[in-house]
Amino acid sequence: MLLELFRWLAHDVRTFNVFNYITLRAVMATLTALMISFVVGPVMIRKLTQYKVGQSVRDDGPQTHLIKAGTPTMGGALILVAIVISTLLWADLTNRYVWVVLIVTLGFGIVGWVDDWRKVVYRNPKGLSAREKYFWQTVLGFGAAFYLFHTATLPSETTLIFPFFKHIMLPLGAVGFILLTYLVIVGSSNAVNLTDGLDGLAIMPTVLVASALAIFAYAAGHLYFSKYLGIPYVPGAGELAVFCTAIAGAGLGFLWFNAYPAEVFMGDVGALALGAALGVVAVIVRQEIVLFIMGGVFVVETLSVAAQVSYFKYTKYRFGEGKRIFLMAPLHHHYEQKGWKETQVVVRFWIITMMLVLVGLSTLKLR
Numbered sequence: 001m002l003l004e005l006f007r008w009l010a011h012d013v014r015t016f017n018v019f020n021y022i023t024l025r026a027v028m029a030t031l032t033a034l035m036i037s038f039v040v041g042p043v044m045i046r047k048l049t050q051y052k053v054g055q056s057v058r059d060d061g062p063q064t065h066l067i068k069a070g071t072p073t074m075g076g077a078l079i080l081v082a083i084v085i086s087t088l089l090w091a092d093l094t095n096r097y098v099w100v101v102l103i104v105t106l107g108f109g110i111v112g113w114v115d116d117w118r119k120v121v122y123r124n125p126k127g128l129s130a131r132e133k134y135f136w137q138t139v140l141g142f143g144a145a146f147y148l149f150h151t152a153t154l155p156s157e158t159t160l161i162f163p164f165f166k167h168i169m170l171p172l173g174a175v176g177f178i179l180l181t182y183l184v185i186v187g188s189s190n191a192v193n194l195t196d197g198l199d200g201l202a203i204m205p206t207v208l209v210a211s212a213l214a215i216f217a218y219a220a221g222h223l224y225f226s227k228y229l230g231i232p233y234v235p236g237a238g239e240l241a242v243f244c245t246a247i248a249g250a251g252l253g254f255l256w257f258n259a260y261p262a263e264v265f266m267g268d269v270g271a272l273a274l275g276a277a278l279g280v281v282a283v284i285v286r287q288e289i290v291l292f293i294m295g296g297v298f299v300v301e302t303l304s305v306a307a308q309v310s311y312f313k314y315t316k317y318r319f320g321e322g323k324r325i326f327l328m329a330p331l332h333h334h335y336e337q338k339g340w341k342e343t344q345v346v347v348r349f350w351i352i353t354m355m356l357v358l359v360g361l362s363t364l365k366l367r
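Quick note: the sequence shown uses the numbering used here, first residue 1, plus one each step.
If you are wondering where the hints come from, they were derived from the structure by calculation, not from laboratory data. Note that beta-carbon positions come from the ideal geometry of N, C-alpha and C, so glycine has one too.
Capping the alpha-carbon separation at 25 Å, the derived lysine-lysine pairs in DSS-like fashion look like this: (1) LYS365 - LYS227; (2) LYS323 - LYS338; (3) LYS338 - LYS313; (4) LYS313 - LYS323; (5) LYS313 - LYS133; (6) LYS166 - LYS365; (7) LYS227 - LYS166.
Using C-beta positions, here's what the derived DEER-type ranges look like: (8) LEU160 - PHE319: 40 to 48 Å; (9) GLY143 - TYR311: 29 to 37 Å; (10) LEU154 - TYR134: 29 to 37 Å; (11) ALA306 - LEU170: 23 to 31 Å; (12) LEU160 - GLY339: 40 to 48 Å; (13) MET355 - LEU31: 21 to 29 Å.
Turn these sequences into a full structure, and let the hints steer you where they fit.
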């Protein structure tokens, strides 16, 4: 939106040409999203408190979390507002990728909003049924996958690349690309959602991964840089750097209110949307495996739940009594049960994510 204005003004004042640079607009998107969060955050928290949009806490969860009952939830709406406004202001709105990521993010956000609303109104911690949730996630995931495949203009846009290996690439074809895209988008959405169980736990890794994806997006959309670094060239992908930095700014602004002890919770409206956003960006810039590395905390949290449920069902069927691998799943609750304080779990998971993001970024050169 502002880009078009600045381009028009540049006809008379050449100084405005500086806004054609993605790097400058990415910085501005970060600051804009951050300021929106700071301004809108207190107002939204007051409204959520006024309307008693409070968190319902699982009875089978850690007992230390019972004190959090009633804390305003659905704060992820603040993140989405900041991301959308900032992206619309600073991104090139003629770029198709910008609209893809916005639609997917908002679509998953709506699914999360309905889930949160049912939890709040009906005081049911389970919210949407798993069948309903996965149905709409599937619709959105496959919709994005079909669109991205049928609008691809270069073979590199549908090729799977492997980190650390310069010349190993796998053409996916229609079925492979669509299936992989669906799995990445829906998988990352649910992974972030499972991780969002402690104050600040999910948002900071999201900020770190989104910031790294901004670098990948900028490089992938630049013909010279992509060739030099040995990554697929994806025309137009550079504009996603603006979107990713908007996520980073909105996430940091939200963390201001979500840090322990949290004044507001993200809720599914934020977690599902942010996870899907990371997934669709990773697909567009052809860094699905790198996303798996950088989002290692999300991956391990998801695997801990899958392993816990599977093992419990197996042992119950085999021995008549269900057994557990972890004291409690997801994994962050396991460490709480072992005696770690909530802030210890959160900060240590942040540190792990920082290291994994650096490993992911190293793949740009180590090929």
